[in-house]
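Asks: Whole structure, please, built from the sequences with the hints as guidance.
Protein chains in written order, with the numbering used here: chain Z, 90 to 372; chain S, 336 to 568; chain G, 13 to 324.
Rather than coming from a laboratory, the hints here were simulated on the basis of the structure. There could be a bad hint or two in this list.
As the list claims (entries may be wrong) - DSBU-like mimics (lysine-lysine), calculated; alpha carbons at most 35 Å apart, straight line:
(1) K266(Z) - K440(S)
(2) K313(G) - K266(G)
(3) K273(Z) - K560(S)
(4) K560(S) - K139(G)
What the hints assert, rightly or not - Computed, partial: chain S to chain Z, Cβ under 8 Å:
(5) I396
(6) G408
(7) G435
(8) S436
(9) L437
(10) T442
(11) R498
(12) F551
Claimed, not checked - Which residues of chain S face chain G? A partial, calculated answer using Cβ under 10 Å:
(13) G383
(14) K460
(15) L525
(16) R546
Model, not experiment: these values are computed from the prediction. Where is the CB? At the ideal position from N, CA and C, for every residue including glycine.
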Amino acid sequence: MKKPALPRQNGSAQKKSLSSLLAVVLFLVFFILALCANIIAPHDPWERFDPYLPPSVEHWLGTNDLGHDILSELIYGSRVSLLVGLGAAVLATAIGLCVGLFAGYYKGVTDEILMGITDVFLMIPRIPLIILLAAFLKPSFWIIALVIGFLWWTSTARVVRSKSLQVSEMNFVLSSKCLGFSDKHIIFTDIFPNIIQIVIPKFMLTVAAAMITEASLSFLGLGDPSMKSWGMMINFAFTKGGLINALWWWFIPPGLCIMFFVYSVVLLGYSLEEKEQAVLGIS
Amino acid sequence: MFSLSLKAENISKAYGNGRSSKKRRYVLEDISFEVQKGETLGIMGESGTGKTTLGKIVAGIEKATRGEIFFAGNSIEELSKIDYARFRKKVQIVFQNPEGSLNPKKTVEKSFQQVLELIGIPTEKRGEVLLDMLQTVGLSEDFLCRYPHQLSGGQNQKVALGRVLLLEPDFIILDEPTSALDISVQAQILHLLKEWQAQKEIGYILISHEREIISFMADRIAVLKEGRLAFTS
Amino acid sequence: MSCLHIKHLTVTFETLMGTVVAVDDVSFDHESKETLALVGETGCGKSVIASSILKLLPDNANLSGEILYGDKDLLRLSERELADIRGQEISIIFQNPTLALNPVYRIGDQISELFRVHKRASSKKSKAYATSLLGRMGFKDPEHAFHMYPSQFSEGMNQRVLIALALALHPKIIIADEPTKGLDDQLKEEILKELMKIKEEKESSLFLITHDFDAARNIADRVALMYCGQIVEIALSPDFFDEPFHPYARGLLKSLPSHDFAPIPGASPSMISPPEGCRFHPRCAERLEVCSHEMPEPIKKSGRIIRCFLYR
Ligand SMILES: Nc1ncnc2c1ncn2[C@@H]1O[C@H](COP(=O)(O)OP(=O)(O)OP(=O)(O)O)[C@@H](O)[C@H]1O
Ligand code: SF4
Ligand SMILES: [Mg+2]
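Replies: Written as structure tokens, this is what we have:
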């Protein structure tokens, strides 16, 4: 619990700032990898060399069963992971924001209906449903992002709602109402800017959740085989004999990448959340 | 011209769980009064007696449990859209806590500009109107770029007051409007309010716990005690 | 013995329109056990002084000068060392109660939390203590108050909660920024009495920022008057109210209800480009030749400190 008497206190920020710095650096590295994959990667990920090559100067992480360069696959894979993560999170956050804002601002019946829907979505067993969908539809990469987005907005909606409830009771919102501003104006210029701080960390956490979900699906062989994500790489490594033959350079790096990327995103989310809490007392 | 009035009729307000009547606690009971344009009704009451709640109900931003508010003879519940918009423009409230009455994410300038836009002042005239208003409430131009937390309590209150005055309302509900001000600025604002009233015939409902302020400003005085309103002479 | 020396404190804020000089070379001592009232026009920098003492200023602030507490310079302590001082040695009652309370915790929990964390009291004990403290703050039903959330209270009630919070750990110095704002006369009196009682009991000193001249007259030992970032007069409270030296003080006393709220003519000065010479000269009825181009320095005169050319 925050010490109430000293709302502007910053606490021992040093240790935390180090880990959030690490998170930012990691995130940036991956982001740049994804953005400039075509420049950074040594080869085209679909170009064929000799299969099953061990790491060498030419192929730092060797090649896979089809002779694709694993390092290049890995670098291009960051694109896929990031796209799924961001795509799904943008969708989820947009839905969650709208639902939460409207529920919190209009209250009453609107609130009850919207929160009822949220509860229904909350009860859906997400992972099994996604697996089922993926198994039957053999979906493309975009559909996966879409479905994840449609299933992961509930917690954002709840947080946004409770904060909007709080903010919409504040005098400046009442003032705006009284001055005759439209509901739209109030929701978007009065309430939204005052809750955005809590949405950003939620967004990051959704990115992480989406990435993990995509990786798990792909690992289970339910992903989009035309898009080589990290999960898909591990899946291939498992099914095409990488594991049995202990070709560690094939399945360990994508695993590490998933781990570090998710770690950086989550950490970033938390440190943003913390920062928001520290600021809460002032503005 | 017919006289425009703001009337409260049998206003009651209960807090607590609405469904079980046992848990309900009435903060306001059967409150009625009427204010004409150009006059000041002073409402006095102790801390926590529901003065602010009453103010919000009269301003139409909180619902009463029972009772109605009439603006120019019509219940505000039954106003047409156009009439409601007029009511909304003509009845304003200034809150007690000035820090909370401005959006922390908007600069003073933006707060003002949006009101100017709302009331349809043409863009090229806005600067002028804005500067006029700043002068009226006694703020200098260099406040425009600041955020509410970069202003003192009193400066915040002046901004809030200025925004409301821009709408040229017929009635203003003043909820402890000077509680954040020092005595010289308080004196300034009180005189300013009186001046505006004389010029524009505004009706005030002045809520305060300070007897001196009320007796200086008000034409009629009512005391709010234990949820009921009693007029004194 | 004086427990707080403020020496040449200057606080500026960077804004888009220029630098705001909120506190300009302010020096004064706050004796232990005394009640010092700080009065002055809205926006003159009173709250900023209060916040500087505990270094609770926003990022765009620059501080210089010294604030000596014992042998420590508060401005040069680390966040960690300050955390030990805040609340326990020096506590502050903020001007805006609703923002200073955490909206998601019950009133009582916020108070008893302090005892649990700082005094290592058991939760039962801290609850009992919190309840009794609420009782002393004029809540008729402290048990009931314990379970309320800040949003369920009126401003005046939250204000009292805030006072309870600040007093909870018996600090040596209590800084109170308009503690009775928004309270009616009777409650104001009660709260101030309680504040003074606790202050006497614990031998703390009180630094009271207020607009309420009656309160200042009744409870303060000394009064400091501020105008546009500077302290212009410090005097014993009876002297100040009976015969203020500074023309601004005289103007202020005329704005009291007893004089029908006669305001001081002219507008409050800009803190970005304050008037040259004496800051008060554009509004001063007794202005001299020098006033418009030379700044008066604070001098000692018959037991007061005064910044005005009339008393050279
Ligand atoms: N963060 C900030 N950035 C810029 N200017 C600021 C900031 N905080 C305060 N100020 C300015 O500093 C000056 C002093 O503010 P302060 O809050 O100390 O006034 P005050 O004397 O307490 O007034 P009041 O009696 O109204 O509370 C004001 O002019 C204010 O606008
Ligand atoms: S120095 Fe001059 S202008 Fe300033 S207060 Fe004194 S007499 Fe007035
Ligand atoms: Mg202040």
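Asks: Each hint: holds or not?
Replies: Evaluated hints:
Among the hinted pairs, K266(Z) with K440(S) is consistent with the structure: their alpha-carbon atoms are about 17 Å apart, no more than 35 Å. With a C-alpha separation of about 24 Å, the suggested pair K313(G) and K266(G) falls inside the 35 Å cut-off, and the hint holds. With a C-alpha separation of about 39 Å, the suggested pairing of K273(Z) with K560(S) is violated against the 35 Å cut-off. Our distance criterion of 35 Å between C-alpha atoms is met by K560(S) and K139(G), whose separation comes to about 32 Å.
Hint on I396(S) holds. Least Cβ distance to chain Z is approximately 5 Å, under the 8 Å limit. Taken as an interface hint, G408(S) does not check out: its beta carbon lies about 21 Å from the nearest beta carbon of chain Z, beyond 8 Å. Among the interface hints, the one on G435(S) holds; its C-beta lies about 4 Å from the nearest C-beta in chain Z, closer than the 8 Å criterion. The beta carbon of S436(S) is positioned within 8 Å of a beta carbon in chain Z (closest approach about 4 Å), and the interface hint is therefore held.
The interface hint given for L437(S) is met, as the beta carbon of that residue sits about 5 Å from the closest beta carbon of chain Z, less than 8 Å. Hint status for T442(S) relative to chain Z: violated, with the closest Cβ pair at about 12 Å, above 8 Å. Restraint check, R498(S) versus chain Z: the minimum CB separation of about 7 Å is within 8 Å; hint holds. Interface hint at F551(S): violated, since its Cβ lies 25 Å from the closest Cβ of chain Z, which is beyond the 8 Å cut-off.
Taking 10 Å as the C-beta contact cut-off toward chain G, the hint placing G383(S) at the interface holds, the least distance being around 5 Å. At a threshold of 10 Å, the smallest CB-CB gap from K460(S) to chain G is about 22 Å, leaving the interface hint violated. For L525(S), the interface hint holds, the least distance from its beta-carbon to any beta-carbon of chain G being 5 Å, beneath 10 Å. Annotation: interface hint on R546(S) holds; nearest CB of chain G at approximately 8 Å, less than 10 Å.
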